[in-house]
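Q: Protein chains in written order, with our numbering: chain A, 1 to 794; chain B, 1 to 244.
Keep in mind the hints are simulated off the structure, nothing from the lab. Quantities reported herein were computed from a predicted structural model and do not represent experimental measurements. The beta-carbon is built from N, C-alpha and C at its ideal position, and this holds for glycine as well. Be a bit skeptical, because a hint or two may be false.
For the chain B half of the interface with chain A, some residues (derived, Cβ under 8 Å), not all of them [to be verified]:
| hint | residue |
| --- | --- |
| 1 | Pro169 |
| 2 | Val175 |
| 3 | Pro176 |
| 4 | Gln177 |
| 5 | Asn178 |
| 6 | Thr179 |
Below, each chain spelled out in residue letters.
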Amino acid sequence: MDRRDFLMASALAAATAAAKGVAAPEPPSIEGVRWAKAPCRFCGTGCHVQVGTKGGKVVAIAGDPKAEVNKGLLCVKGYHVGLALYGKDRLTTPLLRKNGKLTPISWDEAIQKVVERIQLDPKGFAIYGSGQWTIPEGYAANKLVKAALRNNQIDPNARLCMASAVTGFLATYGVDEPAGCYDDLDRCDVLVLWGNNPAEMHPVLFSRVIDRRSRGEKVTIIDIGTRRTRSTGHADHYLEMKPHGDVAIANGILHLLVQRGTYDKEFVERHTAFRAPANPPTLEGAPISFDEFKRRIAEYTPEKVSRLSGISEQDLRLLADLFGNKKLRITSLWCMGMNQHTLGTAINCLVHGVHLFSGHFGRPGDAPTSLTGQPSACGTAREVGTLCHALPGGGVVTNPEHRQHAEAIWNLAAGSVNPKPGYHTVELWKRFSKPKSQGGDIHTIWSMVTNPGQSLPNRNALFDPSRKDPSKFLIVSDVYPTETVRAADLVLPSALWVEKNGMFGNSERRTQQWFKMVPPPGQARDDCWQLLAVARALHEAGFAGTRDKDGQYLFRIVKDGKEVPVWDWRHYYDVNVDEQLFEEYRKFSRAKHKDLAPYQEYVKARGLRWPVVQQANGTWRETRFRFAEFDDPYVAKGKGFDFYHSTSKDGRAQIWFHPYAPPPEVPDAEYPLWLCTGRVLEHWHTGSLTRRIPQLHGAMPAAYVEVHPEDAQRLGVSQGERVVVESRRGKLVVPVWINGRGAPPVGTLFIPFFDETMLVNRVTLEAHDPFSKQPDYKKCAARLRKATAQELTG
Amino acid sequence: MSGWPPSLRPGHPADRLVLLAAVIGVAAAGMGFVAGMRGTEAYVGRLRVSGGPTPPVASDSMPRYGDMGQRARGPNSDLYVNGLTGLVPPTPDPFAPLVQTEAERDALIEARRERRAYDGAPPTIPHAIDERSTGSCRSCHDQGVRIAGKTAPRIPHEPFTNCTQCHVPRRTDSVPQNTFSGVASPGAGTRAWPGAPPTIPHSTRMRGECASCHGAGGLLGIRTPHPYRESCTQCHVTQGDPAR
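Could you put together the complete structure from these sequences and hints?
A: The following block contains the structure:
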């Protein structure tokens, strides 16, 4: 063999080897990075991420290509979620306010302090929780309040975001949460946005729709909103409405469907019934006949709807044309625009009603889809029932059967669960802010994983007064110094995201699990541990509520037959507390057909959508489309659809009539502008995490007020000028952004709430929906004026 | 003359003013003409030096019509550097000889690292953007373009419509302190022997379009010496978990 042949032969051999990846020398492991799955810490989309860790720290994030939700894609917040753990000012020591100053104390002291406050008067001790609680955290808190303290004083921040969606679901279907799932986004021909901005707020879901256009599919997007946003740029039609216009528009569509006869006659006849508000008003309302419904809807002519809503008659007819066309698959999306609304329950019912009435329901792509904001408002707040009136699995404290079911699972004596609901969020903070002599019967609030000092509406009334009253005590579990932490009496440093085990439940009923990957800093400890430590300390102090009817400790965690002292932090991870609590909580989930699978199934999967039902061969099958025979195992053969929690007890969903009513506060001579508040892509909620991430803070460093150029000219303010925006309740100084990211119409202002140096919630009002008790952050009357020199420096 | 306004008839006191204005005007025009000639002094000078008329020859000072776009001339030279003609992406010549240095490579790696929280993160945008729509992103990044010595790379991943979902600009240098230390770019791939095709040292997730960074129109410092080969992954493979 000559040299040439030899070279060719070895080249061939090497090439083949390279192709098989065998003979070529083993490359060194490039990063030494270990990858594991977790749902993202941020929004309710519930994207799955791959978290890269090395040396006890998160060093990289990647979208998880195996996840159905996001198929490997994330958004800018998700790509930088790992950095949320590493802001320089993490809370690492428990702190107690002594002589006005927060001073470090030990965990034992801190836990004792919490117990002290409970013992002071158990009836006046409340927990303010969160849709960012993990499922086991929420379950431990709910059990502590409902089974041990028995005062029902627990409510989540989800009251401020999803409560109206919940009441809308309950009033329509008798049970919470969407019937469809994200698969609908892959199939819809028309996407209607009802007052939300998914291009910034649920970006991965929005991409899922608009990227279909790159593949040649046609998707018509209709943006119904009070101002132009980034989503508008991708829409085919923009329908600019006045506040509360959505109620008129939905009624207008129903009216035209009746008038034209283009509603789905068969579906309506077989599967729906009609309701109207009762007197006095109840969530279930009063049944009415179809004829009565037609009579009441008759007044919502296109002319009247146009007048009430501000959209043109032509645009209303466009909507009715679409909904009247059964060949199209229509998905409606909504979020805070419809939920943070004093007619929130009504508008939710109406949009469900439009879909049911037109038959755009129950086929992939035909779906009224309420989008959730927080990562586990569904999974924790709603499903675990961490609300003042609720029990796990969709139960309510006012229902004797639900109470008995809880007492059975918790092994409590009959009559243990308190039938009287506690205070909802706005009421809770009001009672905390008032002195005892004026009915302020809440003396302590333990706020966990949320920032009410920044996010409560009308902060001057709901939050500030308690901070001047020495009899009121605020306990805060959080990870960074926030508005709430700075005002707290006791601060408990907490573990964040992958510093602990956890589970979340996203917008499409998908429960997702993750394992702890890195240690929390300093003395920060899991929120769940904090709750169990308090429960144990209460127990050791002889508090009767911590024992079940057989005298056993209510929060016993057992492994191999022996109790594990999980209240001792050194032993907390001797056992998987998440798994134990979840397996107990699971028992509640069958009652309303929200079946959850065993914990280990969630370890294996990138989440599973409930009801998860075990098959004959032992595998667990998730449900994508509820109430529909083709996919929901709880619908009997031949039924087509079965709304098995129907409030009319006949398997039918309710189509509601709700009349239009104007907003509670409208612009007048004194306060001539609408003020709307909301979010931006870069920041999560109150920014306590995202404003510590350089890439996100750097992209959106500060809040602003969006002003229309004509308004700016009339008011004599210029780009970037710091002005005062004020209402009857309070004011803030904020810079002007003309022709910014969003474009409000003349007479409307928009301010995002992520910036703790510009608290827009001093200006907003706490008026709320009568059923959901959810306040309206989207519309109040304000004015804008030039700032005085003192206001600019002060 | 009778048609003229009374003030302009000869003998009228205003006549002199008009005459003065005309003289000044002509003088100014003349001076302007002479001054304007200065800009072409070289040309004029050359002609003077060579004496009488010369046959037309290409010279430094006499641009060809086709060259005018690319040539910097006089006070308006900026116009040509950042000009519209420069925006047409020159079709990179895949057979042009490649000259790039280690220093260029190092500078590039550093610049890329600065814009990414960790290797694999979506880069932040180093320029101002249109807040409202993403159509403008595509006008440069769809094909890739070179402007004023900078490269706007072609999008290396599959087309997504909502660019600003993942890529955000940096509006301020005042950013919070954060102790996160992201995994670094792995550097060069490994070669089985000198001359063997190097392995791909990075994940190919969101990096399906190799030419975006490594092609003839790509980033100087990491360009491939053989951009005329279209099927990169025939010879270059990733290492480790294919799911990554």
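Q: Hint by hint, note whether the structure agrees.
A: Against the structure, the hints:
1. Satisfaction of the interface hint for Pro169 of chain B is found here, the shortest Cβ-Cβ separation to chain A being roughly 6 Å, below the 8 Å cut-off.
2. Using the Cβ-Cβ criterion of 8 Å, the hint placing Val175 of chain B at the interface with chain A is satisfied: the shortest such distance is roughly 4 Å.
3. The interface hint given for Pro176 of chain B holds, since its Cβ lies 5 Å from the closest Cβ of chain A, which is under the 8 Å cut-off.
4. The interface hint given for Gln177 of chain B holds, since its Cβ lies 4 Å from the closest Cβ of chain A, which is under the 8 Å cut-off.
5. With 8 Å as the threshold, the beta carbon of Asn178 of chain B comes within range of chain A, its nearest partner Cβ sitting at about 5 Å, so the hint holds.
6. A least Cβ separation of about 4 Å between Thr179 of chain B and chain A falls short of the 8 Å threshold, and the interface hint therefore holds.
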